Amino acid sequence: MTVLQLIFLLTAATTLASGMMVVASPNLVHAALWLIMALAGVTVFFVLLEAGFLAVVQVAVYIGAIAILIIFAVMLTRHVAADSQSQVTRGWWLAALASLLLFGGLLAMLTQIPTLTAGAPVLPGNPDDIVRDLGQSLVSLDQYVLPFETASVLLLAALIGAIVIALPPKAAGAEGGEP
Amino acid sequence: MIVVLTDPFGWIGQTLLGLLARLGLPVATANLLITLLSAVVLGTICMTLGALITWIERKIVARFQDRIGPNRVGPFGLLQPIADGIKLLTKETVTPNGADTVVYNLAPVLAVMSVIGLWAVIPLAPRLVGSDINVGVLYVVSIGAIGTLSIMMAGWASNNKYALLGAFRTVAQLVSYEVPMVLALLVPTLLAGSMGMGAIVEKQAGLPFIVLAPLAALIFFISSMAEAGKAPFDLLEAESEIVAGYNIEYGGLKFGMFYLGEFFHGFTIAALVAVLFLGGWQGPLASSYPLLGLIYFLAKTAVVYFGVMWVRFSFPRLRIDQLNAFNWKFLTPLTLAVVVVTAVTDKLAAQMGFSRTGALLGANALLVLATVWLIGAYARSTRRRLEPVVDESAAAAQA
Amino acid sequence: MIPLSWYLIFAAALFCIGLYGALARRNSVAIIMGIELMLNAVNINLVAFWRYITPGILAGQVFAIIVFAVAASEAAVGLALIISIYRQRSTVIAEDIDLMKW
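Just so you know, the sequences run in chain order A, B and C. For the first sequence, my numbering begins at 100 and goes up steadily by one. For the second sequence, my numbering begins at 2 and goes up steadily by one. For the third sequence, my numbering begins at 1103 and goes up steadily by one.
Calculated from the structure, these hints are not laboratory results. Owing to the predicted nature of the structure, the values given are computational and were not obtained by experimental measurement. All C-beta atoms, glycine included, are put in the ideal place defined by N, C-alpha and C. Among the hints, a few may not be true.
Said to hold, decoys possible - Incomplete in silico selection of chain A near chain C, CB under 10 Å:
1) A131
2) I165
3) A195
4) P267
To be verified - On the chain C side, residues computed to face chain A include the following (Cβ under 10 Å):
5) P1105
6) C1118
7) N1145
8) A1166
9) I1185
10) Q1190
Input sequences plus hints: build the corresponding full structure.
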């Protein structure tokens, strides 16, 4: 058992345990904090996979923005009686069954493909150049500039949409109420 | 002896490695141990420096306000931080009723962790850096995000609606000011061609980036101070406002952690500005004598930190709506313009053969003039809009 | 030496946990948390395949970056919708937001 394997197993155990606490915790703020721990675990995986840029972007975007947004939403929509009601739907056992079946199917499939048991190949080129190559591939005309620009349009649309949706109702009504 | 003086850090590393190898450890484990030891040393120095910073800050604020400052405890009041520490340690820590214990205790830890974690990527001397990752600039942004999280946790876990409100506002301020900070961080990345802090410092060998991008340096300085919650952006944790904000329910050493973390964050900002814009450890003879590099770095950080303190003690506090308006209506568009202008000017200057320094300085000067003119035009139009009302009411009062 | 199958099995497990969260929870924000877990599992899959199968072609990392952008925008719009619904109907229980069916 090498050190890397040990790190992998520990992080996988932590992340999966945090994930289960996310979906099982009745207190939503606790669930959000467990989500942050799961996201931090995924960061460690990105570092293990030598995708350092993605690891810091994960911390900055997911933990620094999305998780805080989720915590805000939880705190702004808290209902006094909500914590005492049941947190799962009536058919939760069906959902659990579906998840277990899916996992079992994926596990069976993954352990039967022989090429998946090989180790990691050597990274071609200098690992320090990955960030530069990534940046160039996102804007070069024969690589991925189109998905990049589409993603930026999507982000702009989401920004405008979120602001318009979350405007207080009186401001929106006053603008649209006059004939 | 000469080796010790010219490269003390390398000599210490080699000696420790030799010592551990003689004890029979394999090289990899010895390296790991030395890395861990240096991390512990860096963390300890950071905490001690944080305590010293409080003394420096109190002495300087006293001089700004024409008084002397702490001078009772030890010569020149140097033992004042120790006295403060003993006071905070011996205070009773009261956990509020209904507080979420784990989150309540974890928040100050995360707050301090996010500040000390920043020092892992700051190059202190030519070959002395905690971890020279090639995405150091983005790492700075991410660790700042963890600090934001800790404030949210502190505000919620206190089971106090004023703490929660203060935490909401603080997080809104921090998240808003991340935008100009990240954009301003793009400018040294552009100029150096790399996101690694070591590479950025090395590219400033001839000319610090503050000459090439003064506007970006100023914007980074301002937005980092807002990120650290230092005045004039400290509405949310000042003692006289909203009952001290998110750390109202913290006492004793937990409050001390927040306090220390905030003060040290100011110093860390000064270190970042020194590294990114002033050249870090660059200076005459620095690359051959790393100790000189460390001294240059500390001197530059001290100068910038004096600037931080100067601004802190000179300006009145901004209100939350003034904060937000300043950020979204002024700072973010300006930073976007700075990034675009810098990128375009850099490429054009390289292609057309102009001097890079001259072109960038000219572009910055043009931007400053354009901004000042725009603000002047806005102020003039506002004054013109408001003047007739004043005249009419004055005429009506006279008649 | 960590074989690729370990990463894929872990990502499958995380995806299934997120799937359970998205299907079985009543609170809308908890459903969004489950969706975020699923998106993270997908990201790990993408980067693992990039690292092990085609480390020379950066498409894996680019895809992961686009997934980051999509997840961020979806979380923002989704949470804005939830807050707006909470203002109108004072509830975030997904089962109670059923105005369109009688």
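- C1118/C as chain A interface residue, shortest Cβ-Cβ below 10 Å: Because about 4 Å separates C1118/C from the closest Cβ in chain A, which is inside the 10 Å limit, the hint holds.
- Status of the hint placing Q1190/C at chain A (closest C-beta pair under 10 Å): At 8 Å from the nearest chain A Cβ, Q1190/C passes the 10 Å test, so the hint holds.
- Using 10 Å as the Cβ threshold, decide whether I165/A counts as touching chain C. Holds. Min distance 5 Å.
- When the nearest CB of chain C is found for A131/A, is that gap smaller than 10 Å? Interface hint status for A131/A: holds (7 Å vs cutoff 10 Å).
- Query: Should the hint that N1145/C touches chain A count as held when the rule is a Cβ pair under 10 Å?
  - Reply: holds (7 Å)
- Interface hint outcome for A195/A [beta carbon to chain C under 10 Å]: holds (6 Å)
- Query: Holds or violated: is there a CB of chain A closer than 10 Å to the CB of A1166/C?
  - Reply: holds (6 Å)
- Message: Given P267/A as an interface hint, is its Cβ closer than 10 Å to any Cβ of chain C?
- Response: Interface hint status for P267/A: holds (8 Å vs cutoff 10 Å).
- Query: With 10 Å as the cut and Cβ atoms as the points, is P1105/C at the interface with chain A?
  - Reply: holds (5 Å)
- Any CB of chain A closer than 10 Å to the CB of I1185/C? holds (6 Å)
In summary, this structure violates none of the numbered hints.
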